[in-house]
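Work out the full structure, taking the sequences as your base and the hints as a guide.
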Amino acid sequence: MVYHLHFEALLPYWRVLLDGLIFTIVLTVVSTVAGIAVGTAGASARTFGPAWLGRVVICYVELIRNTPFIVQLFFIFFGLPALGLKLSETTAAFLAMTINLGAYSTEIIRAGIEAVPKGHLEAGVSLAMSKWEVLRYIVLKQAFRKIYPALSSQIIIVMLGSAVVSQISAQDLTYAANFVASRNFRNFEVYILAAVVYLLLAIAMRAVLRGLGRYLFKAAV
Amino acid sequence: MLQFSFWDILSNLLIATGWTIILSLIAFVSGGLVGLILLFMRTSQIKPLEWFTKSYIEFFQGTPLLMQLFLFFFGIALFGVEVSPWLAAWLALTLWTSAFLTEIWRGCVESIPRGQWEASSSLALTYIEQMRYVILPQALRIAVAPTVGFSVQVIKGTALASIIGFVELTKAGTVLNNATFRPFLVYSLVALIYFCLCFPLSWCAKKLEGRLNAAR
Numbered sequence: 001m002v003y004h005l006h007f008e009a010l011l012p013y014w015r016v017l018l019d020g021l022i023f024t025i026v027l028t029v030v031s032t033v034a035g036i037a038v039g040t041a042g043a044s045a046r047t048f049g050p051a052w053l054g055r056v057v058i059c060y061v062e063l064i065r066n067t068p069f070i071v072q073l074f075f076i077f078f079g080l081p082a083l084g085l086k087l088s089e090t091t092a093a094f095l096a097m098t099i100n101l102g103a104y105s106t107e108i109i110r111a112g113i114e115a116v117p118k119g120h121l122e123a124g125v126s127l128a129m130s131k132w133e134v135l136r137y138i139v140l141k142q143a144f145r146k147i148y149p150a151l152s153s154q155i156i157i158v159m160l161g162s163a164v165v166s167q168i169s170a171q172d173l174t175y176a177a178n179f180v181a182s183r184n185f186r187n188f189e190v191y192i193l194a195a196v197v198y199l200l201l202a203i204a205m206r207a208v209l210r211g212l213g214r215y216l217f218k219a220a221v
Numbered sequence: 001m002l003q004f005s006f007w008d009i010l011s012n013l014l015i016a017t018g019w020t021i022i023l024s025l026i027a028f029v030s031g032g033l034v035g036l037i038l039l040f041m042r043t044s045q046i047k048p049l050e051w052f053t054k055s056y057i058e059f060f061q062g063t064p065l066l067m068q069l070f071l072f073f074f075g076i077a078l079f080g081v082e083v084s085p086w087l088a089a090w091l092a093l094t095l096w097t098s099a100f101l102t103e104i105w106r107g108c109v110e111s112i113p114r115g116q117w118e119a120s121s122s123l124a125l126t127y128i129e130q131m132r133y134v135i136l137p138q139a140l141r142i143a144v145a146p147t148v149g150f151s152v153q154v155i156k157g158t159a160l161a162s163i164i165g166f167v168e169l170t171k172a173g174t175v176l177n178n179a180t181f182r183p184f185l186v187y188s189l190v191a192l193i194y195f196c197l198c199f200p201l202s203w204c205a206k207k208l209e210g211r212l213n214a215a216r
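Chains as they are written, first to last, in the numbering used here: chain E, 1 to 221; chain G, 1 to 216.
Computed spacing ranges between beta-carbons, pair by pair: (1) G/Leu36 - E/Val26: 35 to 45 Å; (2) G/Gly165 - E/Leu18: 27 to 37 Å; (3) E/Val196 - G/Val29: 27 to 37 Å; (4) E/Pro117 - G/Leu87: 52 to 62 Å; (5) G/Phe184 - E/Val33: 26 to 36 Å; (6) E/Gly84 - G/Leu25: 36 to 46 Å; (7) E/Val196 - G/Leu25: 27 to 37 Å; (8) G/Ser122 - E/His4: 53 to 63 Å; (9) E/Gly54 - G/Ser122: 47 to 57 Å; (10) G/Leu36 - E/Arg214: 32 to 42 Å; (11) E/Ala207 - G/Ser122: 35 to 45 Å; (12) E/Ser126 - G/Val29: 49 to 59 Å; (13) G/Ser55 - E/Leu11: 19 to 29 Å; (14) E/Phe7 - G/Leu33: 26 to 36 Å.
In silico PhoX-like pairs for lysine-lysine, Cα to Cα no more than 25 Å straight-line: (15) E/Lys146 - E/Lys118; (16) E/Lys141 - E/Lys218; (17) E/Lys118 - E/Lys141; (18) E/Lys131 - E/Lys118; (19) G/Lys207 - E/Lys146; (20) G/Lys206 - E/Lys146; (21) G/Lys206 - E/Lys118; (22) E/Lys146 - E/Lys131; (23) E/Lys141 - E/Lys131.
Keep in mind that the hints were calculated from the coordinates and are not lab data. No residue lacks a Cβ here, since even glycine has one placed at the ideal position from N, Cα and C.
Below, the structure is given as structure tokens:
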């Protein structure tokens, strides 16, 4: 049997798909920024904080890294309302993405912090820098430069993982694709299109992140 | 109305866990086999083969696994073949796994010093023989830790098969939640079971990595 693809059947829905794409991009950017903030705090707490706080961070990281994102999402969206915390699907999506990236970036940034030589910290302290100044200007700056490539690929993995938020009906690109498929029954065409858009988005993000890295660290990344 | 006790929920989830394990194992093994073939193609120095594997990897690493599942589930059906969620999940997970494993293993193969390639080719070994007797045995040692680490991703990846209707742990969780209206309990248990499956593997991967570094 020969099947003819009809991509023109998707044309009337370009607006829906574009809105979905924009949501995916916004979701990724916002949760990347928030996730890296969580990760920086987590990694700093783990290396410089008190022991009990370090153990809490370890539990958080291992719990998130060893369970599927979709289960975390369902837990936040369906499970938390049982405790009286009711979230909209958009908020739940942002929260789940941030918590997820936060755990992975904690682990990545920690590796960077541990790669900073002890002597640099001591040098900072001997220059009468405060603990915060040492962390900010000596440790984190070097740590981020070292782990930037690893962090970039994790951001792209999280962007691709965001397709799952469609399952709690957050209106991202995959949700839009499902919506179009339910209207015109051109499942295959719309999913091909969505897959290609995701691929281009991943390639574009890689290029942007590489450019940003060059700008931030003034070195080839 | 039918009542579900805690043990009913747990035992149903554990039965579904069996399917998660089976799907993970099968996808990992078949993905590994496809990955091995792709690895030979990727390192063969034959341009069209390299180009093909590069775009293959780019596609499977650059698109969401969920999209790949949808494409297989709806795509194969267009050829008039009845697709079960089981078949679509297996195919998508296999190809997805193979793309990642090929990239991981390529890194291991490339970390073998060039001299090994040159020495073995000066002994008149063919490409396949070089790989079989010289390169892969050495690369294998480095590859174990990241491969075990990636198996965790495969287990987590099978959770997405629930979306196309394959009844494994996550799907069983959704069904039980719909029947019992106890989402907090159900999803906590689901997460806990996944954790019990994945954490030992993550732990192993970390230990293996440490041992490898000590050996150097």
